[in-house]
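*Asks:* The whole structure should be built from the sequences, with the hints applied where relevant.
Below are the chains, spelled out letter by letter.
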Amino acid sequence: MIRQEIKKLAVYSVFLAILILPMVGFRTTHFEAGRAFKVLGLFIAILVANFVAKVVRSRRGEDQLQKVSLGDRISLRFAEIPKIYTLGLLVAVAAVFPLLADNYMIDVGITCLIYVTLGLGLNIVVGLCGLLDLGYIAFYAVGAYTYALLNLRFGVSFWAALPAGVLMGMFLGCVIGYPTLKMRGDYLAIVTMGFGEIIRLVLNNWDKLTAGPNGLFGMQKPTLYYPGFHDGGLHLSVYSIKTLPALYYMILIIALLTLVGIRRLNDSRIGRAWVAVREDETAAELSGVPTTWLKLLAYALGAGFAAVAGAFFAAKLSYVNPNFFIFMESCIVLCIVVLGGSGSIPGVIVAGFILIAVPEIFRELQNYRMLAFGAIMAIMMVLKPDGLIPARRRRVQMAERRQLAGESNE
Amino acid sequence: MNKADVLVLKNVHTYYGNIHALKGIDLAVPKGGIACLIGANGAGKSTTLMTVSGVLRPRQGEVFFEGRPIHGTTPEKVAALGIAQSPEGRQIFPRMSVLENLEMGAFLRRDREGIQKDLEWVYSLFPILQDRRNQLGGTLSGGEQQMLAIGRALMSRPSLLLLDEPSLGLAPKIVETIFETILEINKRGTSIFLVEQNAQMALSIAEIGYVMETGTIVLTDRADALLENEQVKKAYLGE
Amino acid sequence: MTSTGFILQQLVNALFLGSIYALIALGYTMVYGIIELINFAHGELFTAGAFIGLIVLSALQSVGWVDSHFILTMVIVFAMAMAYVAVLGVALEHVAYRPLRDASRLAAILSALGMSIFLSNGMMLSQGVSDRAYPSIFGAEGITVMGAKITNGQIFIILLAVALMVALQLFVHRTRLGKAMRATAQNRTMSRMLGINIDQTIRITFIIGPALGAAAGVMVGLYYGAVRFDMGFIFMIKAFAAAILGGIGSIPGAMIGGLIIGGVEVLWAAFLPSAWKDVTTFTLLILVLYFKPSGLWGQGDVEVRV
Chain X
1 MIRQEIKKLA
11 VYSVFLAILI
21 LPMVGFRTTH
31 FEAGRAFKVL
41 GLFIAILVAN
51 FVAKVVRSRR
61 GEDQLQKVSL
71 GDRISLRFAE
81 IPKIYTLGLL
91 VAVAAVFPLL
101 ADNYMIDVGI
111 TCLIYVTLGL
121 GLNIVVGLCG
131 LLDLGYIAFY
141 AVGAYTYALL
151 NLRFGVSFWA
161 ALPAGVLMGM
171 FLGCVIGYPT
181 LKMRGDYLAI
191 VTMGFGEIIR
201 LVLNNWDKLT
211 AGPNGLFGMQ
221 KPTLYYPGFH
231 DGGLHLSVYS
241 IKTLPALYYM
251 ILIIALLTLV
261 GIRRLNDSRI
271 GRAWVAVRED
281 ETAAELSGVP
291 TTWLKLLAYA
301 LGAGFAAVAG
311 AFFAAKLSYV
321 NPNFFIFMES
331 CIVLCIVVLG
341 GSGSIPGVIV
351 AGFILIAVPE
361 IFRELQNYRM
371 LAFGAIMAIM
381 MVLKPDGLIP
391 ARRRRVQMAE
401 RRQLAGESNE
Chain A
1001 MNKADVLVLK
1011 NVHTYYGNIH
1021 ALKGIDLAVP
1031 KGGIACLIGA
1041 NGAGKSTTLM
1051 TVSGVLRPRQ
1061 GEVFFEGRPI
1071 HGTTPEKVAA
1081 LGIAQSPEGR
1091 QIFPRMSVLE
1101 NLEMGAFLRR
1111 DREGIQKDLE
1121 WVYSLFPILQ
1131 DRRNQLGGTL
1141 SGGEQQMLAI
1151 GRALMSRPSL
1161 LLLDEPSLGL
1171 APKIVETIFE
1181 TILEINKRGT
1191 SIFLVEQNAQ
1201 MALSIAEIGY
1211 VMETGTIVLT
1221 DRADALLENE
1231 QVKKAYLGE
Chain D
2001 MTSTGFILQQ
2011 LVNALFLGSI
2021 YALIALGYTM
2031 VYGIIELINF
2041 AHGELFTAGA
2051 FIGLIVLSAL
2061 QSVGWVDSHF
2071 ILTMVIVFAM
2081 AMAYVAVLGV
2091 ALEHVAYRPL
2101 RDASRLAAIL
2111 SALGMSIFLS
2121 NGMMLSQGVS
2131 DRAYPSIFGA
2141 EGITVMGAKI
2151 TNGQIFIILL
2161 AVALMVALQL
2171 FVHRTRLGKA
2181 MRATAQNRTM
2191 SRMLGINIDQ
2201 TIRITFIIGP
2211 ALGAAAGVMV
2221 GLYYGAVRFD
2231 MGFIFMIKAF
2241 AAAILGGIGS
2251 IPGAMIGGLI
2261 IGGVEVLWAA
2271 FLPSAWKDVT
2281 TFTLLILVLY
2291 FKPSGLWGQG
2301 DVEVRV
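Protein chains in written order, with our numbering: chain X, 1 to 410; chain A, 1001 to 1239; chain D, 2001 to 2306.
Worth flagging that the hints you see were computed from the coordinates, not collected in a lab.
To give an idea of the interface, some chain X residues facing chain D are shown, with a C-beta separation under 10 Å as derived from the structure:
#1 T29
#2 L132
#3 M193
#4 M328
#5 A378
#6 M381
Beyond 12 Å from chain X on every Cβ pair, some chain D residues (computed):
#7 Q2009
#8 V2012
#9 G2142
#10 T2144
#11 Y2223
#12 I2256
Virtual Cβ for every residue (Gly too), placed ideally from N, Cα, C.
*Replies:* Structure representation (structure tokens):
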């Protein structure tokens, strides 16, 4: 066994050398040996570490199949804690966070919460209904641009523009959803990706409306009205949400409302019907579940939540341009959903934090962020395809699938 | 274990997920002979063949081919040992020509001349295949596809041929042709394990018969004896 | 100025661009045909091919081979780029796709997406964020037919693309391994029962598909004179549109689909505002998927298998 592993190690190292040395080493004709070998060394070190771990494990004679992996144990333990405590704790931490953090951290927190909201929205489409959507960021863009345009052109306030943005997002969600109703799996992926790009290109090319690549700026911050006594009478005072902590609380409330809304949906008849569509569309259809309508609803609701997040984003930054809404953003949101465990709400929150906050904190590594991101995504799928915190409904299936895989020689 | 048996199954249990499909099967196929397995739909007949071919792995029990254990062997290795199957549903490659389908049957062979000879032999067994050799497999009729599936299995020159319901959905005349051909193939020394719902036909050409019900073998006897068996007559021969 | 010459010129451009899309689309279609997975990282494999081509070509240019041994230089450049990317493709399959063969589709797609992001950023870090110039070796000479100027570079690239596609057709239809590949794509379990080693067959697919993509990458570099780490994305969407248009899984379909997509794009850019040409292509893709999901020459059962 060790001999076999050593052979594997050698073969892999040779392959790594073939792959890494030319691509990393050469800049046209100039060969940067130092850099190339450093990268190669790093990858081989990972291989060796893996090899050592394997040898140690085999020495100890642990039977891998019998052992529940650490990740599984953590997620099972997590599931045992009563929900209300975890949620309460999370909300409490989130609520006191701005009092303890500096502006930069609060800003990171805001970004994090925006992505959590997006993740929760996409979770409806991908996690609950099982429809892959690679163009989700388009609805975020629609929300952002709707607010920007309404505010700049017509002076509409944030709260008045918000429903318009949501309706616009939901409408486009249906427009995009409709042609894809017949499609499954991979086709859906590519079509939603195409739609996402179409929206971005329209925003980019329609100079007259959207100012093209320059983007729109100068939108007002959201305002709140509250009653108060001054000038000798009862008046409504205006409070503009523009400090970072204020914006932070605003997005926190949006995220919480999204969370509650999705929880309720999840436990409703609609939620169960979505899962039925995800698990076996034909069977669902035959049992009288209106699959077409449900899929459209999933798209529309998902899009609506994204539009809310988008409007907030535009208001917070007072600036939008089409480059905020590239394909990679859709990937990041999708990654949050999947990493968390499709359909799992706590998973989305944890994954949103890991994927957005952690790279922000380690700023020096910013350049390597997306690199690590891609690698993590692939590795996660290989090692833990059901996500960090699998949804409860999924756990049963996981066990079944493992058994099946053991049985068949396929 | 009888030395004269080419295939032996001992207490084989196979599962589909949590469904216990084979509940301890014992059977044997005599070398150079024909054994048949009869039973109703869903009794586990095809599962038995898929277990032999290595597509399904038995959770318990043993499968021996020419005295060597083959349970847990992958399908491609089982094929290399000399077991060919004409499976349920024929599984023709729809977008390959008839000739190409037959060539795929001989995938593991390198002897060009031998392959050519066997090809001619298959054509002589099923002349219609020669006429249709450039047609796509997916465009053939059911009967032609059945012939192609058997022909393809023969192209590997197997020492054991597994046939899954060769009569299914075919006109009586074609069924007769196919069973005659099965006898002819057997005469060349190929052992045959036949799975059938058409009990009359199957038992009339086999030496040994097995009757299967919901995952277990309920009757084992000489085929001619089974033909006379009251239970079999009632349940499978429609008398 | 819609003279015959102009139209002919556009047709040549369309043929050129179309053959490149076709080469990339072949990689998608072959991989999809055999493991039913969109290889999202295929666009990055294409880009990697362009970079390796750039490195090898620059090296050979610096020793003067481009002028003295032009044909040999081209052979080496294409061979090295294709070989490198073939190795990359096999590694990709081994690391990111093979372990997921029995997992859910979503997991496999996401793994592919992850590898795409990883490779694209890896190339950005190692080869830089900005455009990298390709040595221009073809110059502006060419032949003029009825007012349309066809450069030597275009002729060379179109001929090479056609040669590669013919070679692929021969491989798939005439050789034992090629037939095994087709059989595996049509019925995996049956193929195994006939003794075909599926792992090996899939590996070969991941050699040929990426190698063709790499060739397309070098062609793009040679023709447009520049490569960039993220150029794979747009080519990937369009090539994928081509693969679907022709019916995914079908090799001739991918070739024809590539020509159609290339044609639409070139003609649109020639007569209509070119900023919108990508929108047109994507819309076309969606319309095809909506009205004819199995593609124009699709094999009907694709949708069922998905």
